[in-house]
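Visitor: The residues making up each chain are set out below.
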Amino acid sequence: MKKINAESLVDFEIGAESLLKVKIQYFGSIRMAAHKSEEKMEIASNSTVYQLLQGLVDLYGESFREEIFQESGEGLREDLMVTVNETIIKHVNTAEVNLKQADVIALYPLFPGGG
Amino acid sequence: MNAYTGKILYVDLTTGSYRTASFDETLSKNYIGGTGFGVKMLIDHLKPGIDALDPENPLIYVSGAVSGTMVPCTASKFGVFAKSPATGFLGEAYSTGRWGAELRMAGYDILVITGKAKKPVYLWINDNSVQIKNAVHLWGKTTTCETEEAIRKELGDQDIRVSCIGQAGENLCKFACIINDHYRAAGRTGLGAVMGSKNLKGVALRGTNSVTVAEPDELVKMCKDLYERAKGPATVKYRTLGTAANMLTMNAQAALPTRNYQSATFENAEKVSGERIKEEFVVKTQGCSACPCRCEHIAIAKEGEYKGAVARIEYEPLMAMGPHCGVDDPNAIIKGIEISNQYGMDAISIGIVVGFAMECYEKGLITKEQTGGLELNFGDGHAMVEFAKMIALREGIGDVFAEGCKGAAKIIGGGSEKFANHIKGLEMTGYDIRGLKTAALGYAVSRRGADHQRHGSYGHDLGGKVDRYKAEPARGKIVMADEDLYCILDSIIICKFTRGIWNGPYDDIARVYSLVTGIPMTGEELRKTGERISNLARLFNIREGLTRKDDTLPYRTMNDPIPDGVAKGSYVSQEELDLMLDAYYEARGWSNRGVPSDEKLDELGLSDYAAIAAQAR
Ligand code: SF4
Numbered sequence: 001m002k003k004i005n006a007e008s009l010v011d012f013e014i015g016a017e018s019l020l021k022v023k024i025q026y027f028g029s030i031r032m033a034a035h036k037s038e039e040k041m042e043i044a045s046n047s048t049v050y051q052l053l054q055g056l057v058d059l060y061g062e063s064f065r066e067e068i069f070q071e072s073g074e075g076l077r078e079d080l081m082v083t084v085n086e087t088i089i090k091h092v093n094t095a096e097v098n099l100k101q102a103d104v105i106a107l108y109p110l111f112p113g114g115g
Numbered sequence: 001m002n003a004y005t006g007k008i009l010y011v012d013l014t015t016g017s018y019r020t021a022s023f024d025e026t027l028s029k030n031y032i033g034g035t036g037f038g039v040k041m042l043i044d045h046l047k048p049g050i051d052a053l054d055p056e057n058p059l060i061y062v063s064g065a066v067s068g069t070m071v072p073c074t075a076s077k078f079g080v081f082a083k084s085p086a087t088g089f090l091g092e093a094y095s096t097g098r099w100g101a102e103l104r105m106a107g108y109d110i111l112v113i114t115g116k117a118k119k120p121v122y123l124w125i126n127d128n129s130v131q132i133k134n135a136v137h138l139w140g141k142t143t144t145c146e147t148e149e150a151i152r153k154e155l156g157d158q159d160i161r162v163s164c165i166g167q168a169g170e171n172l173c174k175f176a177c178i179i180n181d182h183y184r185a186a187g188r189t190g191l192g193a194v195m196g197s198k199n200l201k202g203v204a205l206r207g208t209n210s211v212t213v214a215e216p217d218e219l220v221k222m223c224k225d226l227y228e229r230a231k232g233p234a235t236v237k238y239r240t241l242g243t244a245a246n247m248l249t250m251n252a253q254a255a256l257p258t259r260n261y262q263s264a265t266f267e268n269a270e271k272v273s274g275e276r277i278k279e280e281f282v283v284k285t286q287g288c289s290a291c292p293c294r295c296e297h298i299a300i301a302k303e304g305e306y307k308g309a310v311a312r313i314e315y316e317p318l319m320a321m322g323p324h325c326g327v328d329d330p331n332a333i334i335k336g337i338e339i340s341n342q343y344g345m346d347a348i349s350i351g352i353v354v355g356f357a358m359e360c361y362e363k364g365l366i367t368k369e370q371t372g373g374l375e376l377n378f379g380d381g382h383a384m385v386e387f388a389k390m391i392a393l394r395e396g397i398g399d400v401f402a403e404g405c406k407g408a409a410k411i412i413g414g415g416s417e418k419f420a421n422h423i424k425g426l427e428m429t430g431y432d433i434r435g436l437k438t439a440a441l442g443y444a445v446s447r448r449g450a451d452h453q454r455h456g457s458y459g460h461d462l463g464g465k466v467d468r469y470k471a472e473p474a475r476g477k478i479v480m481a482d483e484d485l486y487c488i489l490d491s492i493i494i495c496k497f498t499r500g501i502w503n504g505p506y507d508d509i510a511r512v513y514s515l516v517t518g519i520p521m522t523g524e525e526l527r528k529t530g531e532r533i534s535n536l537a538r539l540f541n542i543r544e545g546l547t548r549k550d551d552t553l554p555y556r557t558m559n560d561p562i563p564d565g566v567a568k569g570s571y572v573s574q575e576e577l578d579l580m581l582d583a584y585y586e587a588r589g590w591s592n593r594g595v596p597s598d599e600k601l602d603e604l605g606l607s608d609y610a611a612i613a614a615q616a617r
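These protein sequences, in sequence, are chains L and S.
Mapping of the first sequence onto our numbering: position 39 corresponds to residue 39, and the numbering continues sequentially without gaps.
Mapping of the second sequence onto our numbering: position 105 corresponds to residue 105, and the numbering continues sequentially without gaps.
Heads up, a few of these hints could be off.
Below 30 Å or equal to it, Euclidean Cα-Cα: the simulated DSBU-like pairs (lysine-lysine) are [said to hold, decoys possible]:
1) S:K231 with L:K36
2) L:K90 with S:K118
3) S:K470 with S:K221
4) S:K271 with S:K368
5) S:K568 with L:K90
6) S:K568 with S:K600
Hint data in this document are derived by calculation from the structure and do not stem from the laboratory.
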């Protein structure tokens, strides 16, 4: 199981008990940027969804960042859907939603149509 | 005026005559192009109350405001308008490819076709020359090779652009579409049937004029920037994977129409996912003129009876002919989309209609004898494809389903109207809106019937902006703002895949508009123009008999809760819909019957149309 770089998560605490084991699923073009469809990770116990996303950006680099964050600023892309245990998380709440043991976080790009 | 040709071409197929007329900056500034021109021309030219298939129903082609210029992701677009045979209200559809720019280069912003030819014809517009040509030999032929290529060959010019119908349009199928550039369709609201009703097989274009712009140097600078943005993060996902990637997203959120909306998740969604299709079936990507995105994903069926079938893959047709029909074989779906292109049917509606027919078959309302021996079971890709052909050709009971879900349910009866999934007569699209409340309001009020493309409000529900399950008054303003913005996107006409590259977005769009046309325009004026167009479209529909009761949702959406997945139990009650409708009408300055007030019409410069509203009050 991978541990996200401590630098990328605020208040990262060392020690097995303090870690949460979560599953992250990637869909569509986000899957292409992460080069995988899902993975399990250990993260700090008090991590928020927003912190996890920042940590993933540190892990996967620029093309992944472009899938998640707006070009300018810290805001999430409007066409990004984030779910925790299948429930859509409001973008404004991602910094407040704390992750729990065994949570499944899924990241979906939305593809609004053209006609 | 720059960019605009300022010219309208009127063709009367009954008399075989044509004339041109001019328009000035007032029309351009107040209605922009695309949707604005289409709605304005239709309300001014349609005799109220006539049947959609009456020769007097004008078939109107319009270019976008910046068609034929270097502005990326816009230059190739065009719109088609008429009274819709599917809904009896506003018929509108947009296509891309290269036809739109060619119309303007031929010297026209607007083409209005009325009347009915005595025998099949096609229109050949070659700059100033307008000819009505015999098309008897093309009648009964498919669109792409048999008509589009045949016309090019016959006229001896490979650069000719053709917009044409297939057999479905000739047979007045209520959801027939108009095809151009092989894979592109003015798809929705049955405008192919309007074309067919005129004995018009197609319109061929060749334009050699150039399109002038007001401030070329500044425009080049801005376009360079837009090109960079259009190649960047805002659109890259359309190029790499395309809209088909929505499949797994909708499935995970129990918003994937499955087996005629009997379910909102599909157990075999992975098999028809965008990811799998990209990996195993897509052979090339290509794009429209003046667009760096190159988002068209062309797929080929690789095995089985449909091996070799070719289609452009997008989420909506993939959903309609896949999960909606319970079909998990991409080969059959690719064939189904190819059939819809070749025979000229709206690739969304045909899938929704076949899925509806499958439920009729499941419930014993139609029999194997009536389907010509086809076992029309959910999940049977062969039956799906063959039945789609029967509909296009109006063979056997295909004749009944060519009337669309609404029309077919009336004929079949037996309670089938309770699972005929349409709004105002137009078949539903790829979002199960029972658990998407903002989208539900957007669909209910959409001027062209069941539609995600006049508002895009599902983005709020799925994109984490609002609580998707909650109906609340605030949704009224959200939907209104979306609709007015989309009016502008569809008037300029900007490909919605690239909406993310426009900052503001009204300010960026207004700036491009002014640089191209030389007509001063601010972001706020543009927003107001969007509102003007929305209101005029509403007045058109009111004149054709629309009332509040038409702003509704399919029976199943309002009565049968989603049975599975994360949205299990969701549906839209009448109370919820009424609450959101009241808020939407109020936000718009309309009465609670959905009629614009005199003050609103004055404010928008629409008081010439006040009598329509007065009559409806
Ligand atoms: S994004 Fe795709 S559909 Fe839109 S204009 Fe570009 S190539 Fe055409």
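Visitor: So which of those numbered hints doesn't the model satisfy?
Guide: 2, 3, 6
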